[in-house]
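Novice: Each chain, letter by letter, is given below.
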Amino acid sequence: MTPLPATAWSTVRTLAGVTLKRLGRGKALWIGAMIAALPVVYAAIVHAAQRLVSPDDLFIFLRPLLALLPAMFVAASIGEEIEDRTSTYLWSRAIERWAVLAGKLCALAPIVIALIVGAWLLSTEILTRAAPTVVSCVALAAGALVASLTAAGIATAVPRHGMALTIGYMLVDNFVGVLPISLRTISITHQTRVLAHLEGGPFVVATPVIALAAIAVVWGTIGFVRIRRLES
Amino acid sequence: MSAGQIHDLGYKRYVGTRRSLGSRWTVIMRHQLATAWKTWWRYKIWLIAALMITAIGAGLMYIATDKTIQIIAGMSGTQVKFADGALALLVPWYCRIGALVAMFVGSTLVAGDVQSGAFTFYFARSMRPRDYVIGKVAALVILLSLILLAGPLLLGILRLGLCESTEQVLEALPIVLKALAVGALATLTYAVVPLGFSAMIANRRYAMALWAAYYFVVGTMAAAAGLFIEPVIGAIDLSTALEAVTLRLFEFRLIGRHVMEIPIGAAVASIVAQSAIAIGLVAWRVRGAQHSGIGGSS
Amino acid sequence: MTDSVVVADHCSKWYGQVLGVSDVSWRLGGGVIGLLGPNGAGKSTLIKMIGGLLRPSRGTLTVYGQNPFDDVGVRRRIGYAPEHENTWDELSAFELVSAMARLAGVAAGKADQAAKDALAHMGMTGAMYRRVRGFSKGMRQRTKLATALAHDPDFLLLDEPLTGVDPVARVDIIERIKQLGAAGKTIVVSSHVLYEIEALTSDILVIYRGQVLAEGNVYEIRRLIDRHPHRIRVECDRPRTLAAALAREDHVAKISVERSAVLIETIDPDRCYEQLATTVLAEDLAVTALSSPDNNLGAVFEYLTGEGGRR
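Here the protein sequences come in this chain order: A, B and C. The working numbering numbers the first residue of the first sequence as 3 and each following residue consecutively. The working numbering numbers the first residue of the second sequence as 56 and each following residue consecutively. The working numbering numbers the first residue of the third sequence as 15 and each following residue consecutively.
Derived from the structure by calculation, the hints contain no laboratory data. Computed from a predicted structure; not experimentally measured. Don't be surprised by glycine CBs; every beta carbon is placed ideally from N, CA and C. Each hint should be verified, as a subset may be incorrect.
Claimed, not checked - Selected chain A positions facing chain B (Cβ under 8 Å, derived; list incomplete):
id, residue
1, LEU22
2, LEU25
3, ARG27
4, ALA30
5, LEU31
6, ILE33
7, ILE37
8, ALA39
9, TYR44
10, ILE47
11, HIS49
12, ILE62
13, MET74
14, PRO161
15, ALA166
Unchecked claim - No more than 30 Å apart at the CA atoms, straight line, and that leaves these computed lysine-lysine pairs for DSBU-like:
id, chain 1, residue 1, chain 2, residue 2
16, C, LYS124, C, LYS151
17, C, LYS130, C, LYS192
18, A, LYS23, C, LYS130
19, C, LYS268, C, LYS192
20, B, LYS67, B, LYS136
21, B, LYS122, B, LYS99
22, C, LYS151, C, LYS130
23, A, LYS23, C, LYS192
24, C, LYS192, C, LYS151
25, A, LYS29, C, LYS199
26, A, LYS29, C, LYS151
27, B, LYS233, B, LYS67
28, C, LYS199, C, LYS124
29, C, LYS199, C, LYS268
30, C, LYS124, A, LYS23
Let the sequences and hints guide you as you build the complete structure.
Specialist: Right under this line is the structure:
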C-alpha cells in the first residue's frame, strides 16, 4: 500500500538528520572549525603579547566569519545539491519543497551559530579573562542566523554560484556596515554590532532587531518562494 | 609469429603541422580566459569596478590637481598634491578588486580541475605539468593585469598629462615606472597565491573559503599583530605588504598609519615567499594528478 | 477521473532557445513501456516532467489526473530513478535508501525494513552498509533503483537504468524490472540501447527531436511502416529454386541469393509466408532456418528515424 505523503515536520527532521550526518563525514566541519578558530588564535597572540584590545576591536575578526561560515555551510550545501543533481531525488519525492530548505537550515544554521558564538566566547575569554556579555552572544547568534537565511536566499536564487555570491554580498555588507551612512541600516554586521552593545552608551534594541528581522524576512521569503519554482 | 595487419576503416591520421610542445600552455591559458569571461559576476563585473575606480580617480585628479591630501604626506612631511598622491591611495582599492577576482576565479581553478577529473584529459595528451601551471598562471596574470596593472598605469599616464611643462613631465616620469612596478607585483600576488589554496584541497568551494579566510581573516590578524608585536609580521597580509611597497616606492607615508614601518624588503620577500609556496603546492598537486589520474603512468 | 496513468496534452518544454520536447500528446495506460530515442531526443525531459521535476512550458501533463510538479500526493505513487549517478556518497546504501523511503512517506519505524527489502530485491544485501562513495557503477545503479522502489510506488520511472552496468548485472536488473512489471506496476524505462528495451517489453514510445514519432507495440508499428518492404531470410538446400519460384510473385520487391540462403523483400509478408510454405512443399526443399531480420526494434527504429539505431 503506498504511504501517505511525508508530513512537513518529518521531512524537515529527515533532511536535517541526513545533512548533519553528511556534514560529520565530510571536510566542511573541520574547515569551518579551523576558520572559526582564527579569532581565538588572534586573541591568544594578543594576550601573549600583553596588549589591551577591546571586545569591539575583537569584533573586527568576527565580521569575516559572518561572511564566510554561512556561505560555506548553507549556500554551499544548497548549491551542491542542485549542481550535483542530487536534488532530483528530493524533487521527485512526496515532500513540500519549502521543507527541504527548512531541513537544511535547521541542520546548518545552528552549526554556523555555534561556531561563531563559540569563537566569540573563547576569544573574549582569553583576551579579557571574563566571559562576554549574554547580549553580545545573543546578538552574534542573531546575526549568524540572519546571515544563514541570506545565504539560503542567495543560493536558491543562483544555485550554481551561491557560495561565491554570498561571500561577495557579505563582504559588501561588512564594508557598508563601517561607513557612516544611513545605508548601513541594512547591513547585517552593523546591526549585529549595535545589538551586541560593544561600544557602550545607550543600549539600542529596537532598531537592530527590526532591521535584522526585516533582512531575514526578505531573504527567507526569496529562498522559500524560489525553491518552490526550481526545476531540475 | 603471425603478421600484423592494419585495416583501413576510412580514418586518416592527421598529417598537418602540429603545435610545438612548448606552446601547449597557450591552450590552457585561452580556455581559462574564455571560462572567466563567460559570466558577468566572475570577472566582467570586477573589471567594470576597476574601470570605475580609474575613472573616478582620473576625474578627481583632473579636478583637484593642485589640492593637497590631508592623510598622505611626503617623506619629509611635505604636503602632497592630489594628482601625485591619488594613485598611491587608489592602489588598495585595486587590490580589493584583485582579491575578489582571485576569490571568484583564481582560488577555484586547480580545485575545480581536480574535482571534475579534468587532469585525466590533460595528461592523456602530451601535456606536461609545467604546461598546465604556466597556462593557468598566464591566464590569471592577463586577467589581473587588466585590473591591477592597467588601472595604475592609466592614472600614471594621466599624471603626466596634467603636467604643465616638459620639465614637469620629466620630473613626473618615474611615476609611470613606479605604477608599473606596483601593478606588476600586485598582479603576481593575486595571480599566484590563490592558486596555492586552489591546489590544497580537491573541492573548489572549500578552496574558495580557505582563500577568503586567509585573505580576510588571517591577513587582518597579521596586519593587527604587526601593530603591537613586530611590524614585519604585518607583511604576511598581502594587501598590507603591497600598500607598504607602494608607499615606499612613491616615498609617501600615511599619517596615523603604521604601514610604513614595514621595510620594503620584508614586504617583497613576503609576497615572493608566499608565491613560491603557492607554486610549490600547485606543482605538488599537478604531479600527483599526473601519476594517479590516468593509471599506470610512471 | 481518468483511467490513464499519464496524460500528456500538447506538452512542450524548452530551455531558453533549446527545445526539449515539442507538442507531445500521449496517454499511458499501464504496463511496461520502453521510451526510445537517440541522445538528446527528449527522453529525460519527458520523464522529468512525468516525475514532477519539470513543468511543461506549454500544454499539460498529468499523472493519475494530477499535476506532478505541484501535487505532493501524486508523487507518493511515483518512484523515480534518475539517469545520473550522483547521490549522497557519504551515506551507506542502507542509510540512503532509508532516508529516501522516509522522504517518500514511509513511517520512520518502517523505513529501515523497507530499505532492506528494496536493497535485497536489487541484490545489494551484502553491500548495504558500505558507503556509496566506494561503489562500482553497477552497484550505484542498483542502489538508485532501490531508492525508487523502497516506498512501493505504483508507477516507476527508470531513466537509463542500465547505463554503465556490466553484462551480468544487466541481465539481472532486466529480470528484476520484468518481475516488477509482472507484479502489476506501471513502468517507463528509457534507453537509447535498443536490445535492452527489446529484452524488457514490446510496447514502445519513440521520441525523436523532441516529438513522438511512434507509439504502441513494436510489431504493429512495423506493420504500419509500409514504405519499407519486410525482409525474410530463408536458409535451404536449393536457394535458387526457391528464388525462381518466388520471383514471379507481384508482392516480392526484391530477391537476393546467397550461398545457402535467399533474402526476400516483400510488401505483403502474410502472403509471402503462405507462398513460402506452399513452395517449400511443392519443390521438396529442406529449410534449415527462417528469420525476419527487420521484424525487430532496431529495424523499426532505423526506419522511423532514418539513422542507425546502433549509434
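Novice: Hint by hint, say whether it matches the structure.
Specialist: So, going through the hints one by one against the coordinates:
no.	hint	result
1	LEU22	18 Å, violated
2	LEU25	13 Å, violated
3	ARG27	14 Å, violated
4	ALA30	7 Å, holds
5	LEU31	11 Å, violated
6	ILE33	5 Å, holds
7	ILE37	4 Å, holds
8	ALA39	10 Å, violated
9	TYR44	5 Å, holds
10	ILE47	6 Å, holds
11	HIS49	12 Å, violated
12	ILE62	7 Å, holds
13	MET74	5 Å, holds
14	PRO161	12 Å, violated
15	ALA166	5 Å, holds
16	LYS124/C to LYS151/C	28 Å, holds
17	LYS130/C to LYS192/C	20 Å, holds
18	LYS23/A to LYS130/C	20 Å, holds
19	LYS268/C to LYS192/C	39 Å, violated
20	LYS67/B to LYS136/B	69 Å, violated
21	LYS122/B to LYS99/B	34 Å, violated
22	LYS151/C to LYS130/C	20 Å, holds
23	LYS23/A to LYS192/C	35 Å, violated
24	LYS192/C to LYS151/C	21 Å, holds
25	LYS29/A to LYS199/C	41 Å, violated
26	LYS29/A to LYS151/C	24 Å, holds
27	LYS233/B to LYS67/B	56 Å, violated
28	LYS199/C to LYS124/C	21 Å, holds
29	LYS199/C to LYS268/C	44 Å, violated
30	LYS124/C to LYS23/A	20 Å, holds
Comparing the model with each numbered hint stated earlier shows that hints 1, 2, 3, 5, 8, 11, 14, 19, 20, 21, 23, 25, 27, 29 do not hold.
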